[in-house]
Each structure stands twice: as structure tokens, then as C-alpha cells.
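Kindly generate the complete structure, drawing on both the sequences and the hints.
These protein sequence lines map, in sequence, to chains A and B. Take the first sequence: its position 276, counting from 1, is numbered 276 in our numbering, and each next residue is one higher. Add 325 to the 1-based position in the second sequence for our numbering, that's all there is to it.
Straight-line distance between alpha carbons at most 25 Å, and here's what the computed DSS-like set of lysine-lysine pairs gives:
no., chain 1, residue 1, chain 2, residue 2
1, B, Lys642, A, Lys317
2, A, Lys255, B, Lys580
3, B, Lys444, B, Lys381
4, B, Lys494, A, Lys228
5, A, Lys119, A, Lys56
6, B, Lys642, A, Lys4
7, A, Lys105, A, Lys80
8, A, Lys169, B, Lys567
9, B, Lys494, A, Lys317
10, A, Lys216, B, Lys494
11, A, Lys242, A, Lys216
12, B, Lys541, B, Lys553
13, B, Lys444, B, Lys387
14, A, Lys119, A, Lys67
15, A, Lys317, A, Lys4
16, B, Lys553, A, Lys169
17, B, Lys553, A, Lys255
18, A, Lys97, A, Lys4
19, B, Lys599, B, Lys541
20, B, Lys387, B, Lys627
21, A, Lys302, A, Lys216
22, A, Lys317, B, Lys329
23, B, Lys580, A, Lys228
24, B, Lys553, B, Lys580
25, A, Lys169, B, Lys642
26, A, Lys169, B, Lys541
27, A, Lys228, A, Lys255
28, B, Lys567, B, Lys599
29, A, Lys242, A, Lys274
30, B, Lys553, A, Lys228
31, A, Lys242, B, Lys494
32, B, Lys329, B, Lys642
33, B, Lys381, B, Lys392
Please keep in mind that the hints were generated in silico from the structure rather than gathered at the bench.
There are 2 protein chains.
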Amino acid sequence: MAIKTRFTEAFGVEHPIVQGGMQWVGYAEMVAPVANAGGLGFLTALTQPTPEDLAKEIARTKEMTDKPFGVNLTILPAIKPPPYAEYRQAIIEGGIKVVETAGYKPQEHIDHFKQHDIKIIHKCTAVRHALSAERMGADAISIDGFECAGHPGEDDIPGLILIPAAANKVSVPMLASGGFGDGRGLAAALALGADGINMGTRFCVTQEAPIHENFKRQMVENDERDTKLIFRTLHNTARVMKNAVSSEVVEIERKGGAKFEDVQHLVAGVRGRKAMELGDTDDGIWSAGQVQGLIDDIPTVKDLIDRIVAEAEDVIKARMNGMLS
Amino acid sequence: MAIKTRFTEAFGVEHPIVQGGMQWVGYAEMVAPVANAGGLGFLTALTQPTPEDLAKEIARTKEMTDKPFGVNLTILPAIKPPPYAEYRQAIIEGGIKVVETAGYKPQEHIDHFKQHDIKIIHKCTAVRHALSAERMGADAISIDGFECAGHPGEDDIPGLILIPAAANKVSVPMLASGGFGDGRGLAAALALGADGINMGTRFCVTQEAPIHENFKRQMVENDERDTKLIFRTLHNTARVMKNAVSSEVVEIERKGGAKFEDVQHLVAGVRGRKAMELGDTDDGIWSAGQVQGLIDDIPTVKDLIDRIVAEAEDVIKARMNGMLS
Chain A
1 MAIKTRFTEA
11 FGVEHPIVQG
21 GMQWVGYAEM
31 VAPVANAGGL
41 GFLTALTQPT
51 PEDLAKEIAR
61 TKEMTDKPFG
71 VNLTILPAIK
81 PPPYAEYRQA
91 IIEGGIKVVE
101 TAGYKPQEHI
111 DHFKQHDIKI
121 IHKCTAVRHA
131 LSAERMGADA
141 ISIDGFECAG
151 HPGEDDIPGL
161 ILIPAAANKV
171 SVPMLASGGF
181 GDGRGLAAAL
191 ALGADGINMG
201 TRFCVTQEAP
211 IHENFKRQMV
221 ENDERDTKLI
231 FRTLHNTARV
241 MKNAVSSEVV
251 EIERKGGAKF
261 EDVQHLVAGV
271 RGRKAMELGD
281 TDDGIWSAGQ
291 VQGLIDDIPT
301 VKDLIDRIVA
311 EAEDVIKARM
321 NGMLS
Chain B
326 MAIKTRFTEA
336 FGVEHPIVQG
346 GMQWVGYAEM
356 VAPVANAGGL
366 GFLTALTQPT
376 PEDLAKEIAR
386 TKEMTDKPFG
396 VNLTILPAIK
406 PPPYAEYRQA
416 IIEGGIKVVE
426 TAGYKPQEHI
436 DHFKQHDIKI
446 IHKCTAVRHA
456 LSAERMGADA
466 ISIDGFECAG
476 HPGEDDIPGL
486 ILIPAAANKV
496 SVPMLASGGF
506 GDGRGLAAAL
516 ALGADGINMG
526 TRFCVTQEAP
536 IHENFKRQMV
546 ENDERDTKLI
556 FRTLHNTARV
566 MKNAVSSEVV
576 EIERKGGAKF
586 EDVQHLVAGV
596 RGRKAMELGD
606 TDDGIWSAGQ
616 VQGLIDDIPT
626 VKDLIDRIVA
636 EAEDVIKARM
646 NGMLS
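What follows is the structure in C-alpha cells.
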């Protein structure tokens, strides 16, 4: 049972299924079971407080799997940026062979990684950014639609349009991201021109995901309408789980263009971390995609990946071939 | 060359491709070539000023095709509604066998049509509305995602999520609507659980579409980002082509919650009709979906439908089957 694409061939993984960067979730506990199940998992570099901690997390993941895995490096515009060069060094010295970049101006990072034969998947939300990353040397593009958890950009183009629009112009293998959680979605992504899928929210709702059980149960309970777009007025839109806090932020924004200072106390710092520990889903801000509406259970990572591949195969073999006359 | 689905079987059409209601476009000139090419086209009842005019338009369409076609009846909440009962009578007496309903509270319309053995496709933008229409007796559902031209509703759920979410619950055949324009999209819709696709914007950009050449050329030129959502503050969101007028409406809304009176002069009446006649794409308000970004030519309706079916077949047979190992 397998689906082989340009992506699985170029990156040497069994299944065209990726668990990309997930802030506060992309620990060894998440990445190793994805690797063991034949997917491609990514540690999230900036979830580790220092480059030394990232080096330790890479080593810890290697104790949990013999299969390849990667590291996500998200580049944020910041007055006092994290020590990116040292994070890169930890990745290189850790023997990592694939990095997912995301964010602004990845050129220097791509250049450095490629000097060490590390493959790059650049994640972005617009065709023009995909083409720019390809010119910079990215080996694959992960194109992220309006449905996604976290930052969908400001263009609001869903995958149904964004994937074929990008496929028309991008030459390197392409992952479809945002809105994927089952085999129907994988088959659709392949039909639209992608070579695989990236999933975040769906991987959060697995036995192994290192987040409080209450958040997993909440995402099972939620439907596709239970997300909010916050920070639109700040031109830094994020799709998050609908709860008391995100609803309050949207209301503040609606009343007249929030400044970050107006909502900062609601979304960050001690309050959010404490809510995470306590499993208080109605406090803090939590990334969650619309794919919540397609999530009904909390399987193991291996059961999830096997099921998605089997379902996609069945959709192609039985359902779609059966329609051809 | 054919793709057979529950929809093509139940509605007796050759291809699982529908041209649903399109205000000011759904005339005989649009519908007849769709029918002749093996698709299912719909006249738009309320584009005709009176029920008598609709009766004449049905007769005129029958002179242009021997194949079946339908009529769209959109139910608008209005203080002084159009004479719906008389429009229904024109449809029934015209020998029409399939009606696309859309809008609010279709029960009395569905009941009346079903007494005359007319099949109903109800178009809606949310799973809960689809289930409600199914309970009312609809024979098929056309589920319309956030990508679509015209009214996407207020939930902002794209097809990638909305189609499988609806397929999980709806029993009757289902058309996927919004964002479709090529064979990749048709294959994706079938993978996601739909039994066919509905297209609007793509059918506007054909040789036969009865709209000014300038609008067709503009939609070819536009990319997926060249739409605007207007009337969001009025809870009556519409996706329209980005131009000077729609941009001005959005700006008025952004500045503080427009009343319809504030923008009415920009969008309606003589100014819009004159712009349509003159082919002035930068005046008036024009429905257009994000699928503009996937439209590169102005083919005949028959060439378009044949190409979509052939491409979908090729995606399934060559591309997707080729990935199975």
C-alpha cells in the first residue's frame, strides 16, 4: 500500500504526508511517530528556547526513530531576532537533511543549508512567494491555503484555487497545506496538481500529540465554523480556535482597528501558557484550522497515516476509476 | 469519453457539469450550448422581467436545443417579492423537468414543483442548509464554497472543507460549486465526495456567453486575487470583480459599517446597466469568482466541456493511477 509521487521520490519518504512546523507542538513526541509511520515530520526550531535545546531535541528524536525527519525554521520580522545562525548550526551539526523554511526573506538561510546538502521545503501562502522561493533554490514548495491554522496571509485564496494556480507555475514538487485531514483530501490535492499534503491541525488530534487532552477533545467536538481570523487589522492574520478570547479579539478589532497593545494581554504570555497547562480551551489563543470540521476521533499517528493512504487509494481505485465508462 | 456519477444517472445528462443560475447571463444563448454539449444548463427566471418573458425564453431555448435544460429560481427576502407563483407556473407549463432553487425558505416552491414531477437541485452555502433542503425534498444539493462568485454566505468555508463536510451528512447527489473551471477541479470534486461540479464564472468566459467581450477579456487577464467581498457589513456578502467601484464600496464599509443607502448609487440601476452595455469593466459591480486565476482563454462552450471531461479523465487514469504502486 503506497502512493508514490515526485515528492516521495525526491525526499525519500514512504508516504506523501508531511507534519510541518507547529509552534509548541513540534517536539520529538510528535515528530518521531510521524517518521516511524513513514511520513515526514518536522521539529519546530523556535519552540526550543535556545539553539542548544534544539540540538538536544534533535538528539532525543533520533533516539525515538531511525527514519529521516526535518526541522522547521520560521523567519519572523523582529527588531531583536532569535540567533538564527546558531539555530542553523544546530540543524546542520545535528545531521538533519531537510528543513522547512517559512516567513520572510529566506535567502540567507536557504543558501547556508544548501552548502551542507540540506533540502529545503519553503512554506508560503501565495503563488508569487512560491516562485520567489523556487528562484532562491527551494527544492519543494508547501503552499498554504485560506483554510489553514495559523497564518493564511492576507489574500484569502483557498486550496481549491491556490493549488492549481501554483501548480501552473511552480516546477519543483509541491505540497498542499491547509484543510487536509483525510484520504479524500489527499486524493483531491493530487488531482489539483500537488505531490503530497501537509497537515497540522489533524496531527494535533492524535494520541501522541504533546498537547492537553482537552484541546484534542475540543477539536473533535468543533465543526468547520469554529475558527476565527484574528489580527486582520494588523495585517498579520491568524486562524485560531473560536473561544471566548479569540471572539473578544475579533470584537475589539471590529470596533475600530486594534493595535497589538490593545489585545496583547489577551493572547500572550503567562495567561496562555497557564491555560495550556490547565487544558483551559476557553482561555488563551490556539491555532486551529477549518479541518476541525472533518475530525471525529483521536487515533495514533500510525493509524491516521495508514488510514489516509488507504482511503486515498480507495478513492482513486474504486470511486474515481469506477466513474470512468 | 464520459464520467458517470450518481448525478448524471439521476438527472439523465451526459456530463457531470452544470451551469447554474447566473443573473443577467442565464439566457437561451448561454443555456442551449451547454445543453447541446451534454451539460445541464439553467435559465435564470428572475433575469426575465415577467413570467410571460420567462415562458418566451423557455420556448426560445427549446428552438436552440433538443436536450434537457432547467430553470433557476432564486428566492430573495423582499418586502414586495416578485410574482413567484406565476414564475413557477411558467416553468411548469414550459415543460421544464429540473429546477435549481436558491435562497431562503424554498419549501413552498419545492412542494409545488414536486407535484409536477420536477426534480429540484437546491443551491446553498452551508451543511445545515443542505440538510434542511434535503428534508424539504430536494433531489440534489449544489454546495457553494467561499471561492464562488456572488453570495458565498457568511461562514467563509471553502470547498476543500465544505464538500467533504457536506458529503459526510447529505444522502442525495451533490454538486460542488465555487472555484471550478478545469478538469483538475472536477477530479478533485469527485475525490472530495461530490457527484459533479457547477460553474458560473468559467461559463461567463466562453464565446457564447451573452456578456460584453471586455468582461471576458478582463476575467482572462485577472488572477485569483482580483475579487472583492462587498456587503459583508450588511451580512449579505457578495464576491465580485475587483474594480474601482467594488474597491470604493469596500473602503466605505471599512470606514464604519455601510448602510445599503451609502453604496446603492455605486452598484445599481442605470449606471450598472450602462457600464454593461458599454463594456466598462471599471464601472458597476460584476460577480466574479476566484477561479478567474485559472482562466486563460475564451473557448466555445462545447470545447470547454469536452476539455474539462478529457482532463479529468486524464488526471484519474494517467496521473492518479500512475501514483499507485
